[in-house]
Amino acid sequence: MIWLTWRQFRTPVLATGGLLLVLLAGMALTWTQVTDAALNAGFTGCQGADACASAADTFLSALRYGQAKPVYYGGLATLVVLPAVVGIFWGAPLVARELETGTYRMVFSQSIGRGRWLLVKLLGGGLAAALGAGLVSLALGRWAHLIDAANGERILPTTFPARGVVPIGYAALAFVLGVTAGLLLRRTLTAMAVTLVVITGLQLAAPLLVRPLLVTPTSTLTALDPKARMGMSYSMETKELRLEPMPEERDGWLLSTTVVTPAGTEFVGPADSTKCGPEAPNERLTCPEWLAAQHLSTKVTYIPDAKFWVLQWREFGLLVVLAMALSIFSVWWIRRRLA
Amino acid sequence: MTSALTATGLTKKYGRRTALADCTLDIPAGHVVGLVGPNGAGKSTLLLLACGLLDPTAGRIDVLGERPVSGSPRVGFVAQDTPVYAGLTVAEHLRMGAHLNPSWDSQLAEERIAQVGLDPAQKAGKLSGGQRAQLALTVAAAKRPELLLLDEPVAALDPLARRTFLQGLMELAATGMSIVMSSHLVADLERVCDHLIVLVASKVRVAGDVDDLLASHHRLAGPRRDPADLGAGRTVVEESHTGKQSTLVVRSTAPIDDPSWQVDRLDLEDIVLAYMSGAAGSGRVLEGQR
Chain A
1 MIWLTWRQFR
11 TPVLATGGLL
21 LVLLAGMALT
31 WTQVTDAALN
41 AGFTGCQGAD
51 ACASAADTFL
61 SALRYGQAKP
71 VYYGGLATLV
81 VLPAVVGIFW
91 GAPLVARELE
101 TGTYRMVFSQ
111 SIGRGRWLLV
121 KLLGGGLAAA
131 LGAGLVSLAL
141 GRWAHLIDAA
151 NGERILPTTF
161 PARGVVPIGY
171 AALAFVLGVT
181 AGLLLRRTLT
191 AMAVTLVVIT
201 GLQLAAPLLV
211 RPLLVTPTST
221 LTALDPKARM
231 GMSYSMETKE
241 LRLEPMPEER
251 DGWLLSTTVV
261 TPAGTEFVGP
271 ADSTKCGPEA
281 PNERLTCPEW
291 LAAQHLSTKV
301 TYIPDAKFWV
311 LQWREFGLLV
321 VLAMALSIFS
331 VWWIRRRLA
Chain B
1 MTSALTATGL
11 TKKYGRRTAL
21 ADCTLDIPAG
31 HVVGLVGPNG
41 AGKSTLLLLA
51 CGLLDPTAGR
61 IDVLGERPVS
71 GSPRVGFVAQ
81 DTPVYAGLTV
91 AEHLRMGAHL
101 NPSWDSQLAE
111 ERIAQVGLDP
121 AQKAGKLSGG
131 QRAQLALTVA
141 AAKRPELLLL
151 DEPVAALDPL
161 ARRTFLQGLM
171 ELAATGMSIV
181 MSSHLVADLE
191 RVCDHLIVLV
201 ASKVRVAGDV
211 DDLLASHHRL
221 AGPRRDPADL
231 GAGRTVVEES
241 HTGKQSTLVV
251 RSTAPIDDPS
261 WQVDRLDLED
271 IVLAYMSGAA
281 GSGRVLEGQR
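Protein sequence lines correspond, in order, to chains A and B. Oh and the first sequence: position 127 is 127 in UniProt numbering, straight run, nothing missing. Oh and the second sequence: position 138 is 138 in UniProt numbering, straight run, nothing missing.
Treat the hints as calculated values from the structure; they're not laboratory data. Careful: at least some of the hints might be erroneous.
[As the list claims (entries may be wrong)] From chain A, some residues computed to sit far from chain B (all C-beta separations above 10 Å): (1) CYS52; (2) MET236; (3) GLU240; (4) GLU249; (5) GLY277.
[Said to hold, decoys possible] Only part of the chain A face toward chain B is listed, based on derived beta-carbon distances under 8 Å: (6) MET1; (7) TRP3; (8) LEU4; (9) ARG7; (10) THR101; (11) GLY102; (12) THR103; (13) ARG105; (14) MET106; (15) PHE108; (16) SER109; (17) GLN110; (18) SER111; (19) ILE112; (20) GLY113; (21) ARG114.
Beta carbons are placed, not taken as given, at the ideal position from N, Cα and C, and that holds for glycine.
Use the sequences and the hints to build the structure in full.
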């Protein structure tokens, strides 16, 4: 069964593996470029926050015109696209093609149960997907660790799915998703389309809905400076006043910046229309005064970079649990419901 | 006599469509059994149920005394249109068989491949229909099952390929394997089968050893009369009447000695056709003329 799994998998696996090798070669070729740039900029071994920040800027701008930049973004794109590729080209045809061409009738009349047949294929493909994604993520993480330290972006939704252990989870889940779609829909092309939609949806939903729930975001309160630049929207009818302060820089993933009252609730007014808003005769002067009297604070909610690995492992765990649940479901389905 | 396959009230529905309704039959082991019937009689469904690729909606089926499960080493199956992996070579199909079947007989497999002239390095997708069927049969046979089920294996083959395939099947039968093969063409079965089952609309119309069937069926032609007065022990299978004459196909164990009948022997195809058409509208012709 292992031989058959390999024989039927080898074309897509080798094709995907070839693409990953190109990326790995790119990293190998630019490895010293990155470390040299960091060394020359004084970023390696820098002391003190200010010195490091300016060294980081020098380091990052030195990389802007080298070959490291396409490798950096290529690696990012590869790990973001890899789940879809694995789901569509490895997973979706796995059962669907057998059902479509009728070969399931041949292979299921060999001396092997349908459940075991699928289990071996799920394990083989899932492990291959996990291994490929894991290797690339590991190499990319090592290659880019100086860049990540300099720009502090590894926790951002754009970089997060291409670092650490999460790519392994996405690749494995995408593979199982493709297999399950093929099993239920019985058409390769339909299964491929549905797999693409579901995986893309999952990759969008993860940062928007799931990730902020996996760790408790950190919140900071600072007194609002009424004279600082900020966005203001005022409703003539309800006297509602909303303030949007400029987002503050944080070492992490910024989720929201809101203005809160001393009671801790979001500030929405109502404003005194004689002091704030278009009806106030001398708004520029009176409004900041009025706002200062409200004792407002700016509440910044963010996930700090320090929580990167906690978040990585939790999301990875969630993905693995999902992949296992789907695997169990599809083995059950092929044994009980395929007939 | 042991049974290769028994079914009681076996029913399979796909949603609302019924593919097999309340089918009851008993197929003896140790024979080459032909399962014949018109398209849509439920032959394929019966065979898919028998090898565990389908589960019955109702009723029960036992194959070699057990509930069928796909993946059983005891039952081999050659599916309709003889599917093979287009991307795998002939040799890789044998390798797959060897990996997936503990009871794999690689000598039989290689001998058969050589005998039917298949190139082991050829991709199965490039084989002709006949070669593909031979490959599928080889994979199913080299598993050394006790019972080999074949679903219309020769339906798509040209006459020469058909003969070669059936020849190979007969050689396998000689090794003591029970074989059940479905077809809608009697000519295919006549050459290899020693037991025949006619299935029409999920019901067994007739079942028996081919020799018995040939010996006990007669065509009677004579002056027009009501077939009811033929006497006991005789069953009218099919009847047709003109103004003066009646022609009957009769099953009778005892010889027909009424001199007013002209008695002819029937070949297997005539018998099967009589059962198939007899099922469609028996007796109505005569009543219409009364």
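- Query: Which numbered hints does this structure break?
  - Reply: Going through the list in order, the structure violates no hint and respects every one.
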